[in-house]
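Visitor: Guided by the hints, dock chain B onto chain A, whose structure is given.
Protein chains: 2
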Amino acid sequence: MNTASGPTSFHIPTLAVVGVGLIGGSFAAALRQAGCVGRVLGAGRRPQTLQEALRLGLIDEAVTLTEAAERADFIFIAAPVGAFAAIFAALKPSLNVRAVITDGGSTKHNVIEAARVGLQERIVQFVPSHPMAGSHETGPQAADASLYKGKRVILTPLVENHPQDIERVQAAWRACGAQLVSLNPAQHDGAMAAISHMPHWIAALYMQHIAQSDDAALKLELAGSGFRDFTRVAQGSPEMWRDIFEANRQAMQNEIAAFRKVLERAEHALNAGDYVYLQDMLEVAANARRDWAGNQS
Amino acid sequence: MNTASGPTSFHIPTLAVVGVGLIGGSFAAALRQAGCVGRVLGAGRRPQTLQEALRLGLIDEAVTLTEAAERADFIFIAAPVGAFAAIFAALKPSLNVRAVITDGGSTKHNVIEAARVGLQERIVQFVPSHPMAGSHETGPQAADASLYKGKRVILTPLVENHPQDIERVQAAWRACGAQLVSLNPAQHDGAMAAISHMPHWIAALYMQHIAQSDDAALKLELAGSGFRDFTRVAQGSPEMWRDIFEANRQAMQNEIAAFRKVLERAEHALNAGDYVYLQDMLEVAANARRDWAGNQS
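Chains as they are written, first to last, in this note's numbering: chain A, 1 to 297; chain B, 1 to 297.
For reference, chain A alone in the conformation it holds in the complex (with noise of 0.2 Å):
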């Protein structure tokens, strides 16, 4: 006899997204679409962002900080990570008891910090999260309801939250399509300077290397598709990324160390004309893109 009732249906009376950009506004929008959300609030340093949300419809009233902690059950952060600290201590004095808050900064460890300076004691009223989902787009008019859709979402729960806290973030980001994965702060920031940050980082250097070398126009003039993917990433927001790599730092600083190591070692091995250590290494490094290529189709 199975006496287990479905799948909880899962409501937000009362949302609040802070910063109504791609990522707060997909996520409004994703949850309003999935008939999870009652009323949407909006918070912003911008007028002209949150008058521009209000028109598309991705939320129902502007609202300041205070009014958002008072009102809402559920508080979404979407603003660039330099901005947490701030808006946590914003937050605080008039807190909802009921409200969980999550967030979509792309580093952890720094938010994490600023949320217990700023939160003190309400900490296990946040429960972290990372959703891996862009856009090189920004801003309301770039906001989607499937952003989110087959994407991953990081959870970083702290050792204060409560279980049902952690319930309703996963069921919040579930209802937007997403995949959640569970892992600790610093795994996460570790994994990300790596595999997302350090790409950046690289592309960015090496853009405004070539943009400010000799013979620059005929260079952008030949580049091809080699060259297109591997700077695509180069045209995401400064701010935004020069935020990422300061919350990052640490973890930034490690990769670049290391992988300073492997250019190094391979400029010898050129310098040596030792062609079998390169052809070693792009055996490894083509045999490696191919595997995970492989394991995302």
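Just so you know, the hints here were simulated from the structure itself, not pulled from any lab data.
Every residue, glycine too, gets a C-beta built ideally from N, C-alpha and C.
A few of these clues could be false.
To give a feel for the contact side, a few chain B residues facing chain A, derived at Cβ under 10 Å [as the list claims (entries may be wrong)]: (1) E61; (2) R71; (3) A85; (4) A86; (5) D144; (6) P199; (7) I202; (8) A223; (9) E246; (10) A288; (11) A293.
In silico negatives: residues of chain B with every beta carbon more than 12 Å from chain A [stated by the list, open to error]: (12) D73; (13) E239; (14) D243.
Guide: Quick look at chain B alone, frame taken from chain A:
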């Protein structure tokens, strides 16, 4: 009164392709589709590849290099650049005096050097070219009559070349649908090192680094679209790329050393917490990438 006749109809009675893989096979297929070619001879190291090219109808006959040299009016060398010296030496003794030779090599200085040694006084018959088209797929089965359509082909003509031979090579590439650019060999090799070979060098080293790092499986599991695009070129043929790095070693050494300085400056800025420097760099990169993408469409 306009007495000029229409464009002269360009025809190659006998074409020989040395290396009947993606690049050579596509050249033969494009010229055949354009109705510009009579008989197509194929030469190459691997009997199996020649058989496959015959089966696919890319070539009409598999021949030795000596036969190709005797019979062909137009010879296209599409072998790894490391094999060029031996190919030129094998073609020289019985080379048809009417024949023009061109190639698909991605470096030019070393190819021209090999041609001078192998062809000696017959160097006049060699008009170097570099079609900027490719695919991560290889072999005759990847050959495609439209591979060169709208793609750039760089010619680096020699002072010894007869104008009519340069014109024949230009006409052949135009018949393939390509757009022609003329450069001197040093300009070509420097530009290629910067915008094609460096992305491969960096992407391959980065891919090797990730594959051999701690938590590699977790990282690869979490890697997304930025990683995918940044590493795509690393899947290319290890043998071909080792040859390219060897062939273009001098220009690569210059580029690697210049880029090392760019990386070191940025690492220093991160270590020093100089986020103003980093944001400036990110803005230069994002603007340059956006301008480039805008000019492509």
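Visitor: None of the hints should be skipped; say for each whether it holds.
Guide: Evaluated hints:
At its closest, the beta carbon of B/E61 sits 33 Å from a beta carbon of chain A; the interface hint therefore is violated under the 10 Å criterion. For B/R71, the interface hint is violated, since its Cβ never comes within 10 Å of a Cβ in chain A; the closest pair sits about 34 Å apart. Hint on B/A85 is violated. Least Cβ distance to chain A is approximately 15 Å, over the 10 Å limit. Of the supplied interface hints, the one on B/A86 is violated, with its beta-carbon coming no nearer than about 17 Å to a beta-carbon of chain A, more than 10 Å.
Against a cut-off of 10 Å between C-beta atoms, the interface hint on B/D144 is violated, since the closest Cβ of chain A lies about 14 Å away. Residue-level restraint check for B/P199 holds (minimum Cβ-Cβ distance to chain A is 4 Å; threshold 10 Å). Nearest Cβ of chain A to the Cβ of B/I202: about 6 Å, under the 10 Å cut. The hint holds. Look at B/A223: its Cβ gets to within about 4 Å of chain A, closer than 10 Å, so that hint holds up.
The interface hint given for B/E246 is met, as the beta carbon of that residue sits about 5 Å from the closest beta carbon of chain A, less than 10 Å. Interface restraint check for B/A288: the shortest CB-CB distance to chain A comes to about 4 Å, inside 10 Å, so the restraint holds. Hint status for B/A293 relative to chain A: holds, with the closest Cβ pair at about 7 Å, below 10 Å. Distance check on B/D73: its Cβ is at least 30 Å (rounded) from any Cβ of chain A, clearing the 12 Å threshold; non-interface status holds.
Look at B/E239: its CB is around 7 Å from the nearest CB on chain A, not clear of 12 Å, so calling it non-interface is violated. With a minimum CB-CB distance of about 9 Å to chain A, B/D243 fails to clear the 12 Å threshold, and the non-interface call is violated.
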